[in-house]
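Asks: Spelled out, the chains give:
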Amino acid sequence: MGRQGPRNFTMTRAALTAPLFMLLWTALEPSLRADGAPPQPIERQPYKIALSLWCAPESRIDDPSRDRLVREWQILLRRFVGAPWNVVVEPPTSPLALLDPDSVKGEAFARWSNYDKVWIARLQPDPDGQGLVFVGREYDVATRRLGSLLKRPVVDWEDAPRELLAFSLDLFSPTAIITGQEGGRAIMNVRGGALEPASPRGEVVSKGMVFLPLRLVSLAKGGVQILRIPFTYLQVESASGPTARCAIVSALSDPFTKRIARPNSLAAIAIKPGASPLRLRFTCKPDGAPASGYILTARPPGQGEPQELGSTDRSGRITLRPGFASSIVVMRLIAGRVEPLVEFPIMPGESGDERVIPVDPLPLTIALEARVDALRDQVVDLVALRARLEARMKARLEGEDWDGLAEAIEEFKTLSPRDKFAETLAKLKDEAAHDQAETKKAVLTRTAQAEIADLQSLIDRYLDDDMFKAYVDALERGRGLAGKKATTKAAARPAQPGSAPGQAVAPAPAVAAPAPQPAPAQPAAPAPAPARRPAPPKGESAVPF
Amino acid sequence: MLIHRFLLAAAVGVGFAAAAAATAQDDPTQGAKNLLRAAPFDRVTLIDGTVLLVDPLSPRPLPVVDPAKARKGKRDAGGIPEEGNVIAGKTTRLERDQPDQDKDADKVRLHTLKPGEGEISDFEVKRSDIKKVDYFEDLLLQESERLVLARDFAQAFESCLWVKSRDPKWPGVEDHVNQILFAEGSRAMIEGDDERGQRLLRELLARKPDYPGLIEQLSAAYSKRIGRAIDLGYYSKGRRILHELASFAPKSLATREMTARFVNRAEARLSAAEGKSAPVRLDAMTEALRIWPTLDGVEARYRELFLTMPTLETAVVDVPAPLGPYAHSPADLRTTRLIYLPLLEYDDDDARKGKRTAQLVQTIETSDLGRRMLIKLRAGVPWSDGSRAASAVDAARDLTDRTDPNSPRYIARWAELLDRVEATDDSRLEIRLNRPPLRAGPWFLGPVGAAHAGSDGREASASPERPWVCDGPFIAVEAKPDLVEFRRQPGKGLIRIREIRQASPAAGLAALRRGDVSLLARVPPDQAKALESEPGIKVGTYNRPTVHLIALDGRNPALRLRTLRRALSYAIDRKGLLEEFVLKRPIDEGDRPSNGPFPAGSYADAPATPALEWNPMLAKMLTAAARKEIGGSPIQLKLEHPPSAEARATVGRIANAFKAAGVEIELVEISESRLESELRAGRKFDLAYRAVRVNEPVSDAGPLLLPGYDAPPEANCMASAASPRILQLLLALERTADWTSARGLAVQIDRESRDELPVIPLWQIVDHYAWRDRLKGPAKTTERLYDRIETWEIAPWVAKDPETSR
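The listed protein sequences derive, respectively, from chains X and P. The first sequence begins at 1 in the numbering used here and counts up by one. The second sequence begins at 1 in the numbering used here and counts up by one.
Don't read these hints as lab results, they were simulated from the structure. We put the CB at the ideal spot given by N, CA and C, even for glycine. There's no promise every hint is true.
In silico DSBU-like pairs for lysine-lysine, Cα to Cα no more than 30 Å straight-line [said to hold, decoys possible]:
hint, chain 1, residue 1, chain 2, residue 2
1, X, K413, P, K575
2, X, K469, P, K620
3, X, K420, P, K780
4, P, K776, P, K492
5, P, K208, P, K107
6, P, K276, P, K251
7, X, K441, X, K429
8, P, K620, X, K413
9, P, K575, P, K529
10, P, K800, P, K224
11, X, K207, X, K48
12, P, K584, P, K620
13, X, K285, X, K441
14, X, K394, P, K355
15, P, K208, P, K169
16, P, K620, X, K394
17, X, K285, X, K394
18, P, K584, P, K659
19, X, K440, X, K429
20, X, K420, P, K575
21, P, K780, P, K492
Here are the computed distance ranges between Cβ atoms for each label pair [what the hints assert, rightly or not]:
hint, chain 1, residue 1, chain 2, residue 2, range
22, P, L667, X, P125, 29 to 39 Å
23, P, G590, X, L415, 28 to 38 Å
24, P, G590, X, D403, 24 to 34 Å
25, X, A289, P, G590, 33 to 43 Å
26, X, D156, P, L667, 45 to 55 Å
If you want the ones that stay clear, here's a sample from chain P, every Cβ over 10 Å from chain X, calculated [as the list claims (entries may be wrong)]:
hint, residue
27, R37
28, T50
29, H111
30, Q155
31, E299
32, S367
33, S387
34, N406
35, E416
36, Y542
37, D573
38, E580
39, A719
40, Q728
Build the full structure now, drawing on both the sequences and the hints.
Replies: In structure tokens, the structure reads:
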């Protein structure tokens, strides 16, 4: 209840309908060869790539140097990538050289529709470092999608060809068709996946790669609408040739739903962490007020340890620097101490555009949890004090210091009773249930219920009075026995002259009184063994002591 | 006679034995310690040279016996007088002397110390057989002489004390005491312990004023102290010492020299200011009279000049640094109103309708639920550089500067609230806000600088001397680390205000008592009551208490732990510290420990909130738990604090309490203006002692709980909130547009802060200020120190020494 359904997210619809999208079909569907031979399946189709490499004048790289760089890079391409890529290098005078990777729009690549991918790269001085840096971006013609802005520094000019190769591998985003689902995993057929690369570095798909799923919807007039499935990613778990088996990381309960009215199919394009800052803005429903002051955490998909990224500012915004994570992460916006308001996966640096995410601030739940936290603090303090007193009572009992034990018991009695906390907690719970019924909004979320249950178990487990009662019993018995002993001793002791001033001195008895019984080694009536403290909870105990 | 000789022989024999025993065993005369510890004895030397250690003789000292006189007396006593002894009417009797008594007086009973076994210890010895008696007292005095030479003055004095305890009138004991006092006093001064040396010599002076060399020695010592006081600028103290010197050596060379030194210095100060401007000459005269109040003819000139330029000198512990059109610290809040007019003097209807005078606004009209404001400004308020009058351009620039993260005037809340500002003409300003504000008034209470001046409020020029451009009743003329001076055109009332930074709160108090300053901005809490009863001094009260707390920086991962924050809170004995070290009296309604961030009595103070408990045991346990949470590494924090009286009195003890709980604390003292400015700018810290006066809980809650609440976004101050829950409540409060919700949220913040502990509340204190009665105008209670300063008046006054007055 508290975790707001991801289906409430506003879907960023890259709703692009154009005849050009037929290209996607032609690219992703088996195509007819020009010679009339059977069409090549997509897994055997290489990628036709256009590269524009422009060296900024500030980099002091002249044309011969650039040409040499390209030549050496092509040699490396053949050695490491080979068949999957078919790269054409645009001349320095190409219009592509004028495009700024940071601000370029997809429309600028209309003239390069005969390629599968267009890479624009710039070599320029590194503002953050001492050397140069490659800055570039990929444009996928079939999906009309601009990839993330990527950067790769070049510290030594001699390493430039190798860095350009690595940069190219970063830029390259293979495409795939989602052929189905199996055991909660998505199965993909990756284009060019069946082509043997020149080296393992040239593999089109490999374990750990992340894909962005797309839904291709056939429109009535023959066009195709490409929809990004929001907050959903596919992470390759295993790849066997062109077939990849992927984990579905999604904020949606059924991201590949079949409940779509029009004919559609699913495709995917790889996505890599970019160099753009990730800009998020959280707003409160229903008024759209900024969700400010909330903590954002991130963890790897699965059961990773969450890491705090920061808190939203006054306008509900948070900007995450590029490189805060190396791959896809699951983000969570937390209100109060622990209450998650929303949870979604995202790729770092995926886009520089701001994404607006509405959340339900759950004010009543957060207030309830704050009160539960305060109550838990009191319980924890009480547990600590009781533990200290119990240790003292135990020592007094073992030393048969009845007065000391009585004093400790009296001190124990001044502590807040268990019932007080139990009643307060029950009252809190009732009030929350009442609020929930009255406002028809979730108050007792899963997290809140877990907090309450945790505190209840803390009270039950640690504020048990049995041990205290056992000590009270032990005190009564111990004192009774001590009194008896004293009486016995007094009776057994022969009267001494003048021992009792003012009393007549009794004559010494002719026969000695029977000797008093020796004191037992252990207390005659040992205190019943205090009830054993229940074992601490298996998980993280809320009692820190 | 035979018997006598026998006894003498026996005595001699025993004496030898006793002397041998004394030498062989523990000779009580060996060393002062032995003598002081030894049982009293006398040393008797017989005519044959025998030395006997005997029990103290009695009477002490023995009466002097002249054998010839004694013989003559005896003869006289037994014969018939020359004039005959037969008198008519009287029975003639022959006077007989008392042979037994004479006999006894001629002998002395001796009881030897430590006789040998079986030996006789008691003897009677004829006085004529005794050559010399060394009494125990004399031996002690001799020992004291030796100890004086050995510079063991304590033992020497003890020796004399013992003599005095045995017989206060023992001959020579007083001389020995005097000798010790002189020797010890002289020695102490040679060793640099002047205070002690002078105390001893003054004691000697009281005992024996004509002790040889005493006056010279004492004069030299006093001269040294006076010289040092003059060098350090402690003229009042120096004069007091000079008066003491004059009391016993009025015509000595030293007295004359030191007097001349004072006078010369005062005259030099005067002559240095000759031909300079009137304020400089007035300051010179004031200082010259502080050096030597009775300087010939100066007082009259001073009074004359003072009346043309009434000057108020205020003692403060902190001056604005830097001084400009912004309010970052309590010192800024105190002074900026002197030199800059705000848009509104107070956030009330009178101010909005232009009924208040010390403001720029003539009227404010609001519309669109308060999102749109039309402000009409007063005409004819000139800037101090004479360039033009304050106009809408200045207000517009000020309001937009507050949205620029690079400006020192930046206020994050205002930046988020403001949509746009437009100066429609010279006197009209239109402000549009992004949302309806709860109250817009508090945003207009700050200083407004000139648009044509630099961001620091000074003239925008390349000149090294860039004067401030002001439009307030005063203009700033000087700002140094220890002095800020404001001045205004001659007229009625004060012309100059000089804020003088004191080394400590106690120094400020002393300056007020001496009369060096006429106003003390803040009286140490334990001194307020005492000061009220002092003649010539009045004490006023600030009408809102100051909340003292320890701010926490949540950017330190350890302080994000609720467990550690609770441990720190449990470790502090608020009531004990407040009563014992701050107030030095029991707490009361005004001065009391805090249980939340807002002062008790304000509408934001959550009712029925229990007090924060002091439990060192729980503190220790929670610290251990916190250490476990952060991986077991030791927790080391830095506690920064201002040099205020409360902070100085308590931070050491708080640090000790934290240390006892298991948290290592490093104390760092830093001036309040610097500390507050840096914290407000978003600088990272661990713990900071802050004293904040909460005027309006709803407006002040953010900066109170989060020092960098209004800092630029780059500082990432949102992350410095130790409690995310409280931060969310603060931001919700900031966006609230109705008073009912805002008050509810403020109370909720106060209540939840007790558990969340975004800060560690300490206590609240009602602050006082004090002034000398030469100053007329300060109210008994006020919101700001210089409230209604235009009505204040001050009379010239010279602090005369009590000795001179007498």
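Asks: Run the distance test for X:K420 versus P:K575: straight-line Cα separation, threshold 30 Å.
Replies: Holds. X:K420 to P:K575 sits at ~28 Å (cutoff 30 Å).
Asks: Between P:K208 and P:K107, does the CA-CA distance stay at or below 30 Å?
Replies: The given pair, whose Cα atoms are some 40 Å apart, is violated under the 30 Å limit.
Asks: Using the C-beta atoms of X:D156 and P:L667, is the stated range 45 to 55 Å upheld?
Replies: Check passed, 50 Å falls within 45 to 55 Å.
Asks: CA of X:K441 to CA of X:K429, is that 30 Å or under?
Replies: Between X:K441 and X:K429 the Cα gap is close to 15 Å, so the pair holds against 30 Å.
Asks: Measure nothing beyond the straight line between the CA atoms of P:K620 and X:K394; if it is 30 Å or shorter, mark the hint as holding.
Replies: holds, 22 Å
Asks: Are all C-beta atoms of chain X more than 10 Å from that of P:A719?
Replies: Since the minimum Cβ distance to chain X is about 6 Å, P:A719 lies within 10 Å and the statement is violated.
Asks: Can we confirm that no CB of chain X comes within 10 Å of the CB of P:D573?
Replies: At about 17 Å from chain X, P:D573 clears the 10 Å cut-off, so the statement holds.
Asks: Could you check that no beta carbon of chain X comes within 10 Å of the beta carbon of P:Y542?
Replies: About 32 Å separates P:Y542 from the closest Cβ of chain X, which puts it past 10 Å; holds.
Asks: Would you check whether the claim that P:N406 is not at the interface survives, using Cβ distances to chain X and the 10 Å cut-off?
Replies: Holds, since 17 Å exceeds 10 Å.
Asks: Going straight from one Cα to the other, do X:K440 and X:K429 come out at no more than 30 Å?
Replies: holds, 16 Å
Asks: Given the hint that P:K584 pairs with P:K659, does the C-alpha gap stay at or below 30 Å?
Replies: holds, 24 Å
Asks: Does the alpha-carbon distance linking P:K620 and X:K413 stay inside the 30 Å limit?
Replies: Holds. P:K620 to X:K413 sits at ~23 Å (cutoff 30 Å).
When held up to the earlier numbered hints, the structure conflicts with 3, 5, 6, 14, 17, 22, 24, 35, 39 and 40 and fits the remainder.
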